[in-house]
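Line order of the protein sequences matches chains A, B and C.
Take 50 as the starting number for the first sequence in the numbering used here and just add one per residue.
Take 1052 as the starting number for the second sequence in the numbering used here and just add one per residue.
Take 3 as the starting number for the third sequence in the numbering used here and just add one per residue.
By construction, these hints were calculated from the structure, which means they are not laboratory data.
Quick caveat: nothing in here was measured; it's all calculated off a predicted structure.
By construction, the Cβ of each residue, glycine as well, lies at the ideal position given by its N, Cα and C atoms.
Worth double-checking, as some hints may not be accurate.
Quick look at which bits of chain B chain A covers, simulated, 3 or more residues with Cβ under 8 Å [to be verified]:
(1) 1091-1097
(2) 1158-1172
Away from chain A, derived, C-beta distances all over 12 Å, residues of chain B [said to hold, decoys possible]:
(3) V1114
(4) P1142
(5) V1224
(6) R1226
Here chain A is said to cover these stretches of chain C; the calculated rule only asks that three of the stretch's residues, wherever they fall, bring their Cβ under 8 Å from a Cβ of chain A [what the hints assert, rightly or not]:
(7) 185-198
(8) 210-223
(9) 352-362
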Amino acid sequence: MSRRLRVDWPACRARGLCHELLPEVVDLDEWGYPIVTDAVPDALLADARAAVRACPRLALRIVD
Amino acid sequence: MTDGPLLWYLNRATGVVVLVLLTLSVVLGVLALGGRPGRGLPRFVTQSLHRNLALVSVVALAVHVATAVVDTYVDIRWWQAVVPVGATYQPLWLGLGAVSLDLIAVVVLTSLLRTRLPHRAWRATHLISWLAWTVAMAHSVGIGTDLADPHGLAVLPVAACASAVMLALAVRVARAVRRPRVPELGRAA
Amino acid sequence: MTGSAASPVPIPVRVGVHPGPALLAGVADGPSLPAHRARYGDLPTPTLDELHRLVSAVGLRGRGGAAFPFATKLEAAARGRRPVVVVNLSEGEPASAKDSALALSAPHLVLDGAVATARALGAREVHLVLPGDRPMARLRMLAAVDERHDKVRLRTHTADPRFVAGQARAVVELMSGRTNLPVTAWAPEAVEGYRRRPTLLSNAETWAQVGRLVLAGEPAYRRLGTGAEPGTTLLTHSRHGADPEVREVPFGTSFGDVLPPLPAGAAVLVGGFHGAWTTWGLLAGTPVSVPGMAAAGLPLGAGIVHVPATAGCPLGFTSAVVDYLAGQSAGRCGPCVNGLPALADAVRAAWQGRDTAARVDELAGLLTRRGACAHPDGTVRMVRSLFTALPAEVAAHRDGACVATTRAGVAP
C-alpha cells in the first residue's frame, strides 16, 4: 500500500520541521510551506512518523 | 535515614538546577519555536532540546522533592510536595513549590499526550508553563536559604534566570510588533 | 493589496427566470405550495432502494460544479448512522443565479427532493443553507419552509457573504456553529460530516432534480435530454451590465441553440470564476453535457456562461476576477494566502503587457491541491484557460496592442 503525508493546510504555519526531518519527501515552497513530493517509502516510515509528531501545529498526517 | 547535611545540600543544589533547566526550556520555547525558520540550529534540534531540557528538569525536580522529604532536618511530608496548603515548614513558600510542581505536572503530561489532543487545547494548556515558571521563581526566592546572605552567590542564578526569561519575552514581543504575521497567516478570523 | 477587491460581476439583485420544460415548468403559477401540489400531487415516499434505483437509472449528478454521481453519495450516507440531509443554497459565485431562480420560482421542488431523500434515509433533519447576500432568494425560501408540514424537521442557516462560504466543509462548519470557512476534510461529508454523522449535502438544483424525479417519475424525466444523459440542467446566462437570466436546457442541446449568438471570436467564460475561457465559435457547437463539454476541454461547472463587456478585455476582466478571488480566500491556508495575491500580480502584469506565462505556470503548481478547499485550484484553472484558449489576446498584450478599451467595464 502507498502511504502519503497529508497536510492540514489551515493548521500549517510554515514552521518547516517536516522538511528538516524528511527532506526526501517534503520540499518547501517559496513561502516556506511544505510541498509533499512523493509517497512515503517503507524505509522512511519511521522518519515520517517522527515528522508527524514533531510538527508544532500537528498539521501533518500519514494517510493510506 | 541519614541525618547528614548531604541531603540538605543536594536538595538546595537540585533546586537551583531545576530552576536553571526550567528557565532554559522556557527561553527556548519562547524564542525558538514560534515564528519562521531562520538561521542557526535546525528547528527540530531546538525542539528536541526544549523537550529534553524539560524532561531532565522533571528528573531533577523529582530528586529535589525526594531530598526535601527524606531529609529530616525540616519536617516536610510527601503529601506536602503536591498539596499547596497545610505545611508546617515555611507554609507559604513550600505551598508555592507544590503549586509549581502541580502545574509542571499538567504541562508535562499534556505534552506527552500532545499528538492525541486537539492542538488548541494543548497550546492553551502549555501556556501554563509561564505561570509554573513564575511560581517556581517565587518559591526559590522565598525559600532559598542562601539568598539572605549578602556575600553569597545564590542571588546570581536567580537573577540570571529572571533576566533571561524577561529578555526572551521582550524579544518575542518585539519580533511580533516588527514583523506582523499578516502575510503568512492571513487576515480573516 | 487585494484584500477587498469587489467582484467584477455584481451579485444579482434581480434574476430573469425563463419558463422551462421540467424544473421551471411552473414559473407562471408562482412559488406557492398549493400551486406546486396542484402540478405534481402529493410527495410520494419512495424507500431507500427505490430512490437509489431512480437516481442511478438516470445517472443523476451533482449540480454544484463537481458533477459527482448522486447515487454514490446516497450509498455512502445510507451506510452510516443518523444521516443528515443538507440543501446548499448559498450560491457564493456572483455570476451564478440558478439556485436563486429555484428559490424564487420552485422552492417546493427543492424541498420535496430533500424531504423525500431524508425520509428514505430515515434522517430526521433537513438543513437549508441560505445565501447571506441574496435577500430575495433567502426570504422566499424561508416563506416556503413556513408553508410546509413535513415529517422531518427543516432547519435553516444563513451563509456568510463570501465566495468560499458555500464550499461543503465550510457549510458543515456553519451548521456546527463554527466560522463559515473551509477546513480540512479527512473523509467525504457523506461519510463523516455534521457532528461526524453521514451528511448528504447537495446543491439546490440537485435536490430539485431529485424532487422532479420522485414527483414525475423516471419515464417523464427521461423524455428530455439524451439516452446517456437524461433530463435537463439549469444555465445562468450572465452578461456585463444586464441581469442574469436562468434557462433550463435539456442535456444534449448545443449552446448555440439556447443562447443569443455572438461573434465567433468573442471570449466567453464557462463555468464561472472557477471555470474556463473559450470562444463563442467553439462553445456554440458544444452540447450542454458533462462528458460532451469535457471532450471539448470545458467544465459545465455550475452551469454559468458569462459574457464580458463587448468593449472589454478578457485579460483585464480575468485580472479583476483574480483580484476578487484572492480577496475571497478564507485566509487560512498558506499557499492560498500567499499564492493567490502572487497570481493576481502575475495576471495583472500579463494584462499590462509583460510576459508572465512562466510565473503563472509556477504558481499554478504551488496552488493546486494545496488547500482545504478547491478555491485556489479553481482560480488556477480559470487563469490557465486564459493562456490556452485565448493565446492571441495574451500575445496582443505582450506586443502592447490590447484591442479592448476597458478592464471590466472600468477604465484601466
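Chain A over the region 185-198 of chain C, status - at least 3 residues with CB closer than 8 Å:
As far as the region 185-198 of chain C goes, the hint holds, because 3 residues have Cβ atoms under 8 Å from chain A.
Least C-beta distance from R1226(B) to chain A larger than 12 Å:
With a cut-off of 12 Å, R1226(B) remains clear of chain A, as the shortest Cβ separation is near 15 Å.
Go check the region 352-362 of chain C versus chain A for me, would you? Three or more residues, Cβ under 8 Å, otherwise it fails.
violated (count 0)
Assertion that V1224(B) lies farther than 12 Å from chain A (Cβ):
holds, 19 Å
Examine the region 1158-1172 of chain B for residues whose CB is less than 8 Å from any CB of chain A, and state whether their number is three or more.
holds (count 3)
Any Cβ of chain A at or closer than 12 Å to P1142(B), or is the non-interface label fine?
It holds; P1142(B) is separated from chain A by about 40 Å at its closest Cβ, greater than 12 Å.
Cβ contact check, 8 Å cutoff: the region 1091-1097 of chain B against chain A, three residues minimum
Satisfied; 3 residues make the cut.
Confirm or reject: V1114(B) is not an interface residue toward chain A, with every Cβ-Cβ distance exceeding 12 Å.
holds, 28 Å
Given that the region 210-223 of chain C was listed as covered by chain A, double-check it with a C-beta distance under 8 Å for 3 or more residues.
violated (count 0)
Of the numbered hints stated above, those contradicted by the structure are hints 8 and 9, listed in ascending order.
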